[in-house]
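Reassemble the complex: the two chains are provided individually, in unrelated frames, and hints are given to aid placement.
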Amino acid sequence: MRKSLAKQALNADTNAPAMGRFVGQSVKRVEDQRLLTGNGTYVADVNPEEVVHASFFRSPYAHAEILSIDLAAGLALDGVIAIYTGKDIERLTNPFAPLASLANQYTPVFYGLATDRVRHVGDPIAIIIATSRCIAEDAAELIDVDYKPLATVTNHREANDPTIPAIWPKNDSNVLYEDEKIYGEIERVFARADHVFTETFSCHRVSNQPMETRGAVAEIDPDSGEITYHAATQSPHLLRWILAISTERESVVESLKYLATNRDRLKKFGAGAKAFLTEKKDDLAKNDSTASTNQIKKDPSTLAHLGRTFFNTLGSRRYPRVVAKDVGGAFGSKGAVNREDVVLLAAALDLNRSVKWIEDRSENLADGGQAREEDMTISVAAKDDGTILGFRVELVMDQGAYPAVPFNCGLFSNMIKAMLPGPYRLEAFEMKMKVVASNKGRYLQYRGPWANETWVRERMLDIVARELAISPTELRQKNMFGPEHLPGKMVTGPDLDEDMTAAATLAKAIEVADLPAFEVAQAEALTIGRHLGIGFATYHEAAPGPDNFWESVNPGSDAFLPERVDAVLGRDGSVSIKTQQLPHGQSHETTYSQLAADELGIAIKDVTLVYGDTDNTPFGLLGTGGSRGGPVGGGGVTFSSRQLRRLILDEAADLMEASVDDLDIIDGKIHVRGVPALSKTFADVARAVTSRGQAASTANAIETHVVYSNAGNGGWACSTHVCWVDVDLETGFVTIPRYVVVEDCGQMINPAIVEGQIRGGVAQGIGAVFYEKTVYDESANFQSSTFMDYLIPTAMEIPEIEIFHLETPASVEADFRGVGEGGMIGSPPAINNAVENALAHLGVRITEQHLPPTRILELAGVIEAE
Amino acid sequence: MANSVTQRAGHAENLANKPGGRDQAAKICKGLGVKNPPFAYHRPETLDEALLLLAQIGEEAKIMSGGQSLLPVMAIRLGQPENIIDISQIRGLDSIETESDIVMFGALVTHSQAEASPVTRDSVPLLHKAMPYIGHRAIRNRGTLCGSLAHADPAAELPAVALALDAELIAASTDGARFIAAEDFFSGFLSTTLQQNELLVGVRFHQAPAGMLTSVQELSRRHGDFALVGLTCVLQLSSDGLVDSAALSFFGVASTPSRATQAEQSLVGSRPTTELFEEIANMVSNELDPPSDTHASANYRKHAAGVLTKRALADCMSQTGVLT
Ligand SMILES: Cc1cc2nc3c(=O)[nH]c(=O)nc-3n(C[C@H](O)[C@H](O)[C@H](O)COP(=O)(O)OP(=O)(O)OC[C@H]3O[C@@H](n4cnc5c(N)ncnc54)[C@H](O)[C@@H]3O)c2cc1C
Chain A
1 MRKSLAKQAL
11 NADTNAPAMG
21 RFVGQSVKRV
31 EDQRLLTGNG
41 TYVADVNPEE
51 VVHASFFRSP
61 YAHAEILSID
71 LAAGLALDGV
81 IAIYTGKDIE
91 RLTNPFAPLA
101 SLANQYTPVF
111 YGLATDRVRH
121 VGDPIAIIIA
131 TSRCIAEDAA
141 ELIDVDYKPL
151 ATVTNHREAN
161 DPTIPAIWPK
171 NDSNVLYEDE
181 KIYGEIERVF
191 ARADHVFTET
201 FSCHRVSNQP
211 METRGAVAEI
221 DPDSGEITYH
231 AATQSPHLLR
241 WILAISTERE
251 SVVESLKYLA
261 TNRDRLKKFG
271 AGAKAFLTEK
281 KDDLAKNDST
291 ASTNQIKKDP
301 STLAHLGRTF
311 FNTLGSRRYP
321 RVVAKDVGGA
331 FGSKGAVNRE
341 DVVLLAAALD
351 LNRSVKWIED
361 RSENLADGGQ
371 AREEDMTISV
381 AAKDDGTILG
391 FRVELVMDQG
401 AYPAVPFNCG
411 LFSNMIKAML
421 PGPYRLEAFE
431 MKMKVVASNK
441 GRYLQYRGPW
451 ANETWVRERM
461 LDIVARELAI
471 SPTELRQKNM
481 FGPEHLPGKM
491 VTGPDLDEDM
501 TAAATLAKAI
511 EVADLPAFEV
521 AQAEALTIGR
531 HLGIGFATYH
541 EAAPGPDNFW
551 ESVNPGSDAF
561 LPERVDAVLG
571 RDGSVSIKTQ
581 QLPHGQSHET
591 TYSQLAADEL
601 GIAIKDVTLV
611 YGDTDNTPFG
621 LLGTGGSRGG
631 PVGGGGVTFS
641 SRQLRRLILD
651 EAADLMEASV
661 DDLDIIDGKI
671 HVRGVPALSK
681 TFADVARAVT
691 SRGQAASTAN
701 AIETHVVYSN
711 AGNGGWACST
721 HVCWVDVDLE
731 TGFVTIPRYV
741 VVEDCGQMIN
751 PAIVEGQIRG
761 GVAQGIGAVF
771 YEKTVYDESA
781 NFQSSTFMDY
791 LIPTAMEIPE
801 IEIFHLETPA
811 SVEADFRGVG
821 EGGMIGSPPA
831 INNAVENALA
841 HLGVRITEQH
851 LPPTRILELA
861 GVIEAE
Chain B
867 MANSVTQRAG
877 HAENLANKPG
887 GRDQAAKICK
897 GLGVKNPPFA
907 YHRPETLDEA
917 LLLLAQIGEE
927 AKIMSGGQSL
937 LPVMAIRLGQ
947 PENIIDISQI
957 RGLDSIETES
967 DIVMFGALVT
977 HSQAEASPVT
987 RDSVPLLHKA
997 MPYIGHRAIR
1007 NRGTLCGSLA
1017 HADPAAELPA
1027 VALALDAELI
1037 AASTDGARFI
1047 AAEDFFSGFL
1057 STTLQQNELL
1067 VGVRFHQAPA
1077 GMLTSVQELS
1087 RRHGDFALVG
1097 LTCVLQLSSD
1107 GLVDSAALSF
1117 FGVASTPSRA
1127 TQAEQSLVGS
1137 RPTTELFEEI
1147 ANMVSNELDP
1157 PSDTHASANY
1167 RKHAAGVLTK
1177 RALADCMSQT
1187 GVLT
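Chains as they are written, first to last, in this note's numbering: chain A, 1 to 866; chain B, 867 to 1190.
No lab work stands behind these hints: they were computed from the structure. Hints are supplied without guarantee of correctness; some may be wrong.
Said to hold, decoys possible - Heads up, incomplete: computed chain A residues facing chain B, CB under 10 angstroms, no partners named:
no., residue
1, Ser-26
2, Cys-134
3, Val-775
4, Ser-785
5, Met-788
6, Leu-791
7, Glu-858
Stated by the list, open to error - Taking beta-carbon pairs under 8 angstroms as the criterion, some of the chain B residues facing chain A (in silico):
no., residue
8, Lys-901
9, Arg-957
10, Arg-1088
11, Ala-1170
As the list claims (entries may be wrong) - Ranges between beta-carbon positions, derived for each pair:
no., chain 1, residue 1, chain 2, residue 2, range
12, A, Ala-275, B, Gln-946, 58 to 66 angstroms
13, B, Thr-1059, A, Met-796, 56 to 64 angstroms
14, A, Leu-526, B, Asp-1110, 38 to 46 angstroms
15, A, Glu-778, B, Gly-924, 35 to 43 angstroms
16, B, Ala-1180, A, Thr-527, 32 to 40 angstroms
17, B, Gln-946, A, Lys-267, 24 to 32 angstroms
18, B, Gln-946, A, Glu-864, 50 to 58 angstroms
Note that beta-carbon positions come from the ideal geometry of N, C-alpha and C, so glycine has one too.
Just chain B, with the same shape it has in the complex (with noise of 0.2 angstroms):
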């Protein structure tokens, strides 16, 4: 049974006295501080609770997995949903599974978890690497993967990920499940092209072929900091050595995670060299139009990419052994 109490956060007593409500009250306060707004919890045990629930009271209703973006948007007002739909209960929703070439992860799959998991490491190896740049480990303990994917922060990693690795998300509705692919997920700043009564119910990536090379580059002001600049870069050559395919996904320099078509298109069929590099890293200074803010100038910015993506294509070329 959907477990659904009204209560203004923080507000132990107000909670406390509704029956079956103490247990709760006290979760509730101790995670969320005491600042946040009121709004009504609900905390379905599954999955077709959650989708009805979503669908009956639609735009006022937020999803919260991991609660590691939405608590501080709250505890700051700067989000003041009305209700909360909080889908850590859900069974079945916290396994990584592969099947055939495809690996799928669950809502509830941790960044931690999928950080330590095996097949992350052999099947997905970019998001293997992208893991430790996510803030820390407290955060990758309890932060979601798909969590990170529906709040598409620009600055974050995974999204770039998903972008450059053409994963699949898996949004579920009273109406049923479809796939959405990343290129068409991320819409803007903090949003994407779920609807208000779709949830991720995971999402899922193509095991990575034999011989792909992958980099993860990364400049955030301290450790664990959201990018400055960030790059996830994927190399695939052929058997004659030039460059097959090429993914340069960057997250920071825009209002979405966006990839540096232009100069993938000139990797593309190229003989991977130092001098190439340098001349796809300043393409890809001239292609992005990245914003300032107060941690980075946009020609920082411009300027970091390039410096990144020649990191990024040498760290791959380093994974065969040769680069001439």
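Pulled out of the complex, with its shape left as it was, chain A reads as follows (with noise of 0.2 angstroms):
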């Protein structure tokens, strides 16, 4: 159903306009100007009448029980208005109880403040509303908590003692999941192996850090109880969603009481649930019915708030306006539904008032989001030949102490495995996962959630190349799926379409690279003791990827993937586009206005993008991440501007009598082909449609929409990336020389824009491999909460990029594919590679993905490791 939507629309409209007038150019950013001009409106900006301020008191203890809070001092305070601790918020509030779970996975049921007891360094434990900023942060300090501290669980180790106690008590140990799948006859195959190879990789914790930290402004009209909710967020209705049923406390009889004496509203939601359900009847139904089981079993408290969930969805009259204008980037990190959102808003609720939280960069370093810390030990069954078999894989991700809401390592830890055989033809793969709990920040999703599927892997392969005495890029190209295998399917599950041209990226890549003169500039560069070295990493990655991808990782997920997105023209004749996608740094103001202008006939600034205000765009849970604002968003714009198009056309053919097949847009005129002299505007068209009554609404003269998902083809992006590295071995820096990107995201919309998502994406790789990390001490205490020790590279660190495109002339129509993530997930393989490359002769093994030059040195032997 949803490959044929691209498909007739090709089809219907012959209509269709010559493309290509702004698509492919480089059309400069639209949001610039207002941006760098500091006309920006940030959550920061956001200043209602009368708005006071909050600051969350914090702990500093790693674990331990609350055993008594004393407010006095801090609500004595000239200015401090109002301190809310856990007891409070468990009245005020719902607790996070998990949407959704696998099987075999225990998901903790928690408050926005910690209750009982505290859980990480920074876990908040009460909300401080006061006329300033600085008197909150004043009050913070007088208030006194006793703490009985706890023993704590500081990396996946620690979990796996059963000697340690639980962090979350109802479930038994420190594990909170634990799955197993095995692709193909594992047994037979790595019984059929001339070697197995088998190695442990780690990643460390590393941190989103967007340049807009988080927060939010809970507006309330006192009058009107009317509530607008400000924020920096990738997500508003999914924020908004969870706003509400957290904060709605109404019994379930009385959600009932109230939904029987308004019937509307429970005949219009029945009716949209009623059709969502019909027409995902069949995804929905992959959804393994039994997977809350354990959950409940564990802490049956689930089930009340899984009730009082859906009867709050019903009957919420505290459903907040979302409203996010300009966001500062994520990097997933504003994906998630922070605990913070919901407790600001209840305290607003409760002083009726409007209240505002800007949070600060050590709070963000130490809970705005973590991710990538997690071990895979992996075996590789492979030939003399250089033939790979099989993969056997067992992955341990440490969750640090609360679950991200909505998304958290049960969901990524399945998106590692349906990722990890990458472009390579195996035969069998098995893979083991583990999620455990630990006394650490937040982890949530990272630009590229799963990447470590890619560094494992790609480091992996290296290392069975030279085990094998076979060249790495020799090993892959024997390896990976190329034209000849295509169409194919992953040993996971996912089809692999012809566009999928992970190994054309490759064989440009070695081209570009030309090995042998490297090998030869590489060996004269020893003798003068300079360590060369060189790395590659391949990668396809699902963007927005096949039909049947979500199910690879985890069955039923894909009923929420389409998107809708509306085209309307207003009544004074002007064009908007309303989106789900909420940018923060991706352009889309920019790329959604270059799609819709080309099928309209129109300039890019004739232009509008609505976005960021749940009044007044259409649903979506997922927002913006994902790599989908190109492929499904921005095939959603072509598409419904199509369709608007159309509207448009049929419109003037009345108005000018002429037949609608016969007409053209040029330059925003209509005109019959062929006689530019005569034309219409839009505003004509508008002002025809309105003035026979049958304006779309009160604003616009049409309204028309597509629900879609992807473009029929694989939806794969594909890339190869390419590091040169010189090690210098007294000091242990390493420099870049060169760095190469070839990519495949099918058509571009903007190069420009494509290329500052990559070079963004391999700067967050050279960050992760040589800066950036979250360090926890021995006894779980924070060590990264400033910039001074948590090291963000600069422009001075990053080297130049070059970027080849591929751009495979397109199969389908609006063949866009994500490219938001993959410049993270292929650097620091490519990096790691290389390193290990230069120092190979000294017998260095890389199997940990930071490497700052203490690290280099010990590796090298140059000294000794503490």
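Here it is as structure tokens:
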């Protein structure tokens, strides 16, 4: 059904405009004038009348029981309005309960503030509301909490230790999830192997660090009680929904009474739900219906919370309007709903006044979002000739203390599972997954949440190549899906179409790299004590992936993936596109305007992108994330604009007494082909519709929309990264004299923006390898609370990045594939491989991602490890 | 007249309601952000006023010059001084003066000002070479030499420069002025022998004698970061080509800037050769006892100090054109 949407639209509309006026051009960003002149509106710029300010009092302990809290001194401070603790929040809100669970998963149920114990440094204990942020922070210093420290869990080894008590006592241990999947005949494949190579890789914890921290303003109209929640979010509709179900405290009986007297609401909701359920029956049926059993057995309260969630979804009168204007980056972190969000809104509702919270950097580093901390042991079954038969992998992920909402490591581990075989032809694959709890900040999705599948695989392939004395590029080419193997299927299930061009990116990268010349240079450099290295990494990324992609991750979850895009002709003749996407650095205003302008034959400046207001944008829970902005949102813009064009032309045909097939739109003027002198404008059309009394709404003449999933091909973005390094074994410093990315993201809407996304991703990969690390000491004390401790690379640390685009000619329309995440997926393994290549003659084997100068010298045997 | 106002930083209304407070409120709130603890703010216009205030308030006062070290510490509430005495508006403290063989940098001379001055380049070349390593341009535009010395960050460049060149710090109080030799000034992590009632009015260096060889070497995680390990090095050769005097003044390796005295002594009287420099480097690695932290291990710092020693000595010799 989804596939056909693209094709239908293509066939139906013989009036498709000549494409390519704007799409494909490096059009200057529409956003820049506003953002670079300081005229953006970030959440910190929102100041409703009489707004008061919040600060959170946070735990200095990694793990402790709260014995008592004394607020008296804080409350006595001039300017303090209120202080709420966990006890109040238990009364004012519903807890976060898992909306979906995997089989064998336990997901803790918890409140916005710590209730009986704190579980990591930075765990919020109280919210202070005062007339200024300074006063709120002064009051925070006066709060006196009596703690009883508890044993801490700092890493997954401790989490696996049954003698250390569970952080979440309702679970018997600190293991929250365990599962195992086998694809193909794993035993037989390993028995057939000439060699089995095994290695354990360990990735450190890093932090999503957007320029803008988290923050929100809960604006309450004290008279009407109307709630507008201004937020730095990636996903306004999700936030709205979770805020509503978390702050609605009516009993089920009250909710039912309310619904009984408000039948319209029930009907409307019922109809929507019915339509959704009917339409998605097949998708939803794939859901494991027994999945929640484990959860409910361990914590029966889950059932009550889920019931309440259901009724609150129906009956809540507390649905806020969520508004987000400019958002200063997120890298995934603002796709999660924060505990602070629920607490802030609850406090504002209780006080019946507007409250503002802007997070500071130390809070953000402690709990704004952390990721990537996992260990994987991989065994590779290989033949003498370098044929790779299969992988066996054991994964342990450290989720930290509180699960992120709504996506947590249960999902991420399954994404890693689905993608780990990469673009290689494996016969069999086994994956054991384990998620543990520890006394650290939230693990949440960070630009390519599954990225460590590529890191481990591409790192391991280099090791296998070395063991078999085959060149790493040859080993990759030998085992990769090439054109002769396509269409094909990953061993984990997802379909691979002919546009999956990973092998082509590798071939181009090999050509660009000129390995023979490099090897000569490398050998020469070594004679004067310089250590040069080169590393490759190839991956394919589901951006958005084929129809059966999510089935391989977590069956049933694809029901939520299609995205609605509205195209609208205003009564004044203006054109707007409305999206559930929430731009936060991806340049949607530019790219979506390019797409719509081309479809409609108008200028970029004549398209207005409407986003970030739940009252005025189509519903969608995903917002911006998952490399979907181009393929899903962008495709939706193309086809909804095309529909709008058709409707405009139909109306113009009547007006002009011409056949619709003879009409064309050039520079916003509608005219009969070949007769440019006689033309109508969009305003003429809007006026005609309105005067006939057929305007779509009070604001708009014509409204139309599509619900869109993908272009119908595989939706794979492919890439090979090549990194050159120069390792100084006196100082352990590594320079990157050259960095190349060869990529194929299908048709580029705007090459400059594609390149910007890739460069930013590579920079974060360089950051992860050489600079960024979220450090906890052996008692889980947090060591990275400032930018003096957590090092983000600056422009000075990032080399020139050369980008080659393959842009394989599209086999389908709107063949845009995501590029938001890939840069960060390919770079860590390419860099690590290059460093190992430079130090290979010293017998160095790199199994950890983070390589600061100290570690380089330790690995090379120059200094002793401490 | 001393302009003293008590305010809660960032709470502009409080200050704006006070007579003549509005401008100041705007200025302070902009600079400080919104999260500093409350403090009283004083902005004397003359040195005498400043010294008087300092004498009156005593322990509860903090001098502020460029604010580049003090304000970050306050914003994260690690420092909570009750009084700030902002000396930035005092006239006459912002010049670089030369008198016979002495060069004096006033308390308000910024890093950028010193960096751009031909006097620094010609007369205090080691200082000139250290400047680009200090933070970033924006920080150098505001931060002051004396502020850096008074702050005494063990990983900062200037305390090590002062120590290498035997600089003298000029401290003033209502009781008068005194000179403090650099080697007597740095007493521990972020602490100095400056008295509560004293402020630095300047720092003075001897003009570099002809033939002075200098080098600054530093390893920092990123461009502009504080050093993991750094070295300021001064070498004087005698007419017969032997080392006449040497200073190896390290930063980032202890709680204060520190000189590798044993290694220095071994250099003096020796003929500078690559082999000697290897030996000296090893000696340095053994002599120093640096700390471990999240950015580098102690072993790393020991090793790197040796590497930097070799590089600094080679750099010095390259200025003579002879290295045997
Ligand atoms: C991002 C960043 C990076 C930096 N990187 C570096 C670096 O790489 N190397 C480096 O050396 N520095 C670095 N700095 C610090 C910078 O050099 C500061 O300018 C310097 O440390 C302090 O100078 P200041 O004038 O700003 O002093 P202030 O911040 O105003 O004061 C610092 C301290 O000195 C005292 N003080 C100031 N002036 C006097 C005086 N005249 N008499 C007595 N006490 C006084 C204050 O009371 C305070 O305790 C960096 C700063 C930042 C923000």
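Evaluation of the provided hints:
1. Nearest Cβ of chain B to the Cβ of A:Ser-26: about 29 angstroms, over the 10 angstroms cut. The hint is violated.
2. This hint holds: A:Cys-134 has a C-beta 5 angstroms from the nearest C-beta of chain B, less than the 10 angstroms allowed.
3. With a cut of 10 angstroms, the hint placing A:Val-775 at the interface with chain B holds, because the nearest CB-to-CB distance is about 5 angstroms.
4. With 10 angstroms as the threshold, the beta carbon of A:Ser-785 comes within range of chain B, its nearest partner Cβ sitting at about 8 angstroms, so the hint holds.
5. Contact between A:Met-788 and chain B, as hinted, is supported at the beta carbon level, the nearest pair being about 8 angstroms apart and thus within 10 angstroms.
6. Of the supplied interface hints, the one on A:Leu-791 holds, with its beta-carbon coming within about 5 angstroms of a beta-carbon of chain B, less than 10 angstroms.
7. Satisfaction of the interface hint for A:Glu-858 is found here, the shortest Cβ-Cβ separation to chain B being roughly 8 angstroms, below the 10 angstroms cut-off.
8. Interface hint at B:Lys-901: satisfied, since its Cβ lies 6 angstroms from the closest Cβ of chain A, which is below the 8 angstroms cut-off.
9. Violation of the interface hint for B:Arg-957 is found here, the shortest Cβ-Cβ separation to chain A being roughly 32 angstroms, above the 8 angstroms cut-off.
10. Interface restraint check: B:Arg-1088 against chain A, minimum CB-CB distance 6 angstroms, threshold 8 angstroms, status holds.
11. Annotation: interface hint on B:Ala-1170 holds; nearest CB of chain A at approximately 6 angstroms, less than 8 angstroms.
12. A C-beta distance of roughly 60 angstroms is found between A:Ala-275 and B:Gln-946, which places it inside the suggested range of 58 to 66 angstroms.
13. Range check, B:Thr-1059 to A:Met-796: Cβ separation about 37 angstroms, and the 56 to 64 angstroms hint is violated.
14. A beta carbon spacing of about 39 angstroms between A:Leu-526 and B:Asp-1110 agrees with the range 38 to 46 angstroms that was offered as a hint.
15. The supplied range of 35 to 43 angstroms is met by A:Glu-778 and B:Gly-924, whose beta-carbon atoms lie about 42 angstroms from each other.
16. Separated by about 20 angstroms at the C-beta atoms, B:Ala-1180 and A:Thr-527 break the suggested range of 32 to 40 angstroms.
17. Between B:Gln-946 and A:Lys-267 the beta carbon distance is about 60 angstroms. The supplied range of 24 to 32 angstroms is therefore violated.
18. For B:Gln-946 paired with A:Glu-864, a C-beta distance near 41 angstroms fails the hint of 50 to 58 angstroms.
When each numbered hint is compared with the structure, violations occur for hints 1, 9, 13, 16, 17, 18.
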